[in-house]
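Novice: Listed below, chain by chain, are the residues.
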Amino acid sequence: MSSDASALHPIERAILKALSQGEQASIEALAGASGLSADQARRGVEWLKFKGLIAVSESSTFAVSLDAEGRGAAQFGLPERRLVRAVKEGRDTMAKVLASGALKGDEVNAAVAGARRNQWIQFGQGGTISALQAPQSPEELALVRLAKGSADESQLSEQEKAGLALLKKRPGYITSSEQKKTQISITEAGRAILPAIESEKPQERRLSPELITSGKWKNVEFSALDVEAPAPAVYPGRRHPLVDIIEEVKEIFVGLGFSEIDGPMVQSGFWNFDALFTPQDHPAREMQDTFYISGQSQPVPASKDQIAKVSAVHRAGWGGWDTKEAQRIVLRTHTTPVTLQHLAAQKPGSARFFSVGRVFRNEKVSYKHLVEFHQVEGVATTPKASLRDLMGLQKEFYARMGIKKVKFWPTFFPYTEPSLQSMVYNDRLQKWVELFGMGIFRPEVTKPLGIKNPVLAWGGGLERIAMLRFNLDDVRDIYGNRLSWLRSVPRCQS
Amino acid sequence: MPVVNVSLDRLKKMVPGVKIDRALEMLPFVGLDIEGTDGNIVRVEYNPNRPDFSSDYGIARALSGLLGKKTGAPKFKASGKSGISVRVDKKVKGVRPFVAALVARNGRLDDESIKQIIAMQEDLHNGPGRRRKKASIGIHNLDAIKGPIKYTLVSGGHSFVPLGEKGEMTVKQVLEETQTGREYGHLLGNKYPAIIDGKGTTLSLPPIINGEATKVDAKCRNLFVEVTATDRKAADDVLAVLAMTLADAGFEIRSVSIVDGKKRDTPDMKPVKMSVDAGYVNEILGLELSPAQIVGCLKKCRLDAKAAKDSVTCTIPRYRTDIFSPVDLAEEVAIGYGLYNIEPTFPSSPVAGQRSEMSARFDAARDTMAGLGMIEAFNFSLSSRQVQYELAGRAPEGEILAVDGSKSAEHDILRDALVPSLLQSLARNVHEEYPQRLFEIGKVFRKTDRIEESWHIAAAIAHGEADYTEIKSALQALASAFGMQVTTKASQDQLFIKGRCAAVMKGDRQVGTIGEITPLAIDSFKLRVPVAAFEVDLQALLL
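Note that the protein sequences, when read in sequence, are chains X and U.
Residue 614 is where the first sequence ends in my numbering, and the numbering goes up by one at each step.
Residue 704 is where the second sequence ends in my numbering, and the numbering goes up by one at each step.
Everything labelled a hint here was simulated from the structure, so no lab data went into it.
Here the structure is a predicted model, which is why all the values come from computation and not from measurement.
Certain hints may be false.
Stated by the list, open to error - Below, a list of computed lysine-lysine pairs in the DSSO-like style, where the Cα atoms sit at most 27 Å apart:
id: 1; chain 1: X; residue 1: Lys525; chain 2: U; residue 2: Lys242
id: 2; chain 1: X; residue 1: Lys444; chain 2: U; residue 2: Lys470
id: 3; chain 1: U; residue 1: Lys311; chain 2: X; residue 2: Lys504
id: 4; chain 1: U; residue 1: Lys242; chain 2: U; residue 2: Lys311
id: 5; chain 1: X; residue 1: Lys137; chain 2: X; residue 2: Lys224
id: 6; chain 1: U; residue 1: Lys360; chain 2: U; residue 2: Lys380
id: 7; chain 1: X; residue 1: Lys424; chain 2: U; residue 2: Lys180
id: 8; chain 1: X; residue 1: Lys484; chain 2: U; residue 2: Lys604
id: 9; chain 1: U; residue 1: Lys311; chain 2: X; residue 2: Lys527
Claimed, not checked - Which stretches of chain X does chain U cover? Using the computed rule of at least three CB atoms under 8 Å from a CB of chain U, they are:
id: 10; segment: 309–316
id: 11; segment: 368–374
id: 12; segment: 602–610
Backbone N, C-alpha and C define an ideal beta-carbon position, used for all residues, glycine too.
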């Protein structure tokens, strides 16, 4: 909150000046006095109130005015007045009074009660009525006052108030309505700032092109802005948060000497499974787990020699092999078929490759399962590659992702031996989480394809890392494309 | 992965002198994941290549080894012939040709042991048995059986009392009316294999159900176990695991003669001998172990081994069907050595790494789009007919590429365009602040003579004033960021308003489409503002 005079908006200055005499003013009065529109005055009052430079008091008053009966009484007199008037004119019984038309039948009770209370009349024998002195009653006083127009109840005299109280008891005489009133006055702080406002030179709100080119800027001062006030939200364009993680992973791979490869998402059963020594009757190959393209198959996209050698390994190891299974078209369940075809084509002596790509599983989509997710995979091959090297590569990879506590457990994959799974400690969850799987390609995988050196491979889903990084409990959020999330998730997070 | 419920009380008895904390700590290093605990019960997940882990007996066996309580191959003593034979009828040849069997005598099964064996039987059915297709098991009360036993075919009208039923049912009724009949009946054609004893009692109708007459309960002391299979090795593999487990449970295992033309005795428990060079093992693991040390490691994995000068000869019990290549022994050595004892070494890179040219360019495209104020969306390649065609108001251009048996109805076809997915994303954000500008880079798929997949980029802008001009400006900016020029040629497309749609051309080649989305599609997706979009083949544009 700033009470620096130079940071005030012109509207605020105008209001403060209008209040400088110290009187209370309504919004409308302020607008008139300061030359602002009512709306500008209203906004300015809000700002100044927030800054403590003015005080706003809200009071409510009751305005009273005459209703239909009351207006009649103001014109023709209250029933008791008409009664006493008629008596004075000589109509000394109620019958005569009624006959004269001075009172209606239903006014008799009120007229008699009022006249007796005021001691204007007295009754004699045989119902005769005689008139006494009849000075103006408090009710009449109030009536006269309100006949001139509605009045603020608090501003009536004591007698008028007493009369009003009595009139209110008569049905149809008085209506009252609550009226709210805003009164604005300058505070001590506002008064303290006034001299500064009044001594100011004229200021410019904006540095306009005209001020610049004309050179007028040399003689101009600029009004200070409230630089502490909040500004409207804008949303930058940005990459998807998962791409940030993919980029980070790719950078780490390149830094470790790995080169990026990519390949088709649609694969043959041969490369996705057979070449990876996954038996043709393995449960993972069933439709319950793997997506096959309906009604499509294609000749196995491999050389005769590759097909012959891969099928021979299956016959020896698993007791059978059928070309039909190899020809089925599958949405890759991992990126390894791409890696393997690359290795089979290049047969490198020493090499390091990586890929990041989408893979598919026939899952019921839930908070922890997607039909499609990103897999990251790295492979390294040298003539002397060993399990220790694989563990070392994996540990270094994790270290560069900021993951320091890692342990390895044995596990099983059809195409690697030995096979390990890595567990990493997550500080936020305070527990060990399973992350990447890894192993050395089996000879049954490498030999038929003519790959001579041991191949170290590791990989796993990226979404799990993203969930830990972005603190998500539901993996579907990553693909929900909700702008509330995309616009708010930080680019950098530890 | 399959799960075994391990009772800690039983584990303490089966692994002598073990401390529970230590046992739990070591389980993962045998290759067993602790999925959860429930009081005294630990749920242990095992990998399906180790069917011997399908009961707590097998888990205790491995744990005793790694903890050094019992090492080397577990004792298995065949107690001779049972005198029982199974005659295999030629008629089963084309149906389910193989059977293997054993007799287990003088044992005791308490309720917990029975539970373990039943759960194990189920796991073996699902794993090596391939959901009973390849192999299935029948465990019977031997004392209710009279030899000789035959394995033959029966007719659909053949009747017996199936396990758990009160009265006789015909085979047809079993297939139609029992739960297992309905679940596994498809594995049989119109030929029904059955195992029947000398009195004509039906022991089992493989692979569907056993008979009630030979039901096993806690009073049984003597068991007859049969495995029928479509593959002889599968029958022997499964029976070997059962034999070892029942031996651990305290039974004497006796052989059964299978008469199938020639005679053979089962279970086949003959161990496999395999030699491996110490150098090979050390190369794979990156260690420098002597043959004697390797022997020590293998023994901790419950294998027998002998060291020679530079090699080791290993004797692998028959039930360890997962070991069939020297590399499998290398893994056993690593497990026996203890993975926690292996110090990782970081090999420095022999080569320099690099990004692929394509992915680097895609990133530049992302930067350009983000610079235009667009937010990147990620949608699935697997979409639905509803999003791709019905809501978008467009017809498929060629054959739709669908996947079989998707468990998620909203993900059952490969998308052929990105814009419908972006419209769906916009539809999810109608309550968010406008303007909204989204882009996506993703693969699209179509069938020609083969299945083609290509990388596309699409952008969609949605706000009160969104129009053709704004989206075309964005397209131009994207193209010129790569030094490319594209032109737009008036065209028609069901997704776009007629007269406000163009083909995106690079030279003479169409590389994409651009325009204002039809109010029909906007309305179908329940959007309330105009949308303009483009979609371009990214590789064709950039390369």
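Novice: Please list, smallest to largest, the hint numbers that this structure does not respect.
Specialist: 1, 2, 3, 5, 7, 9, 10
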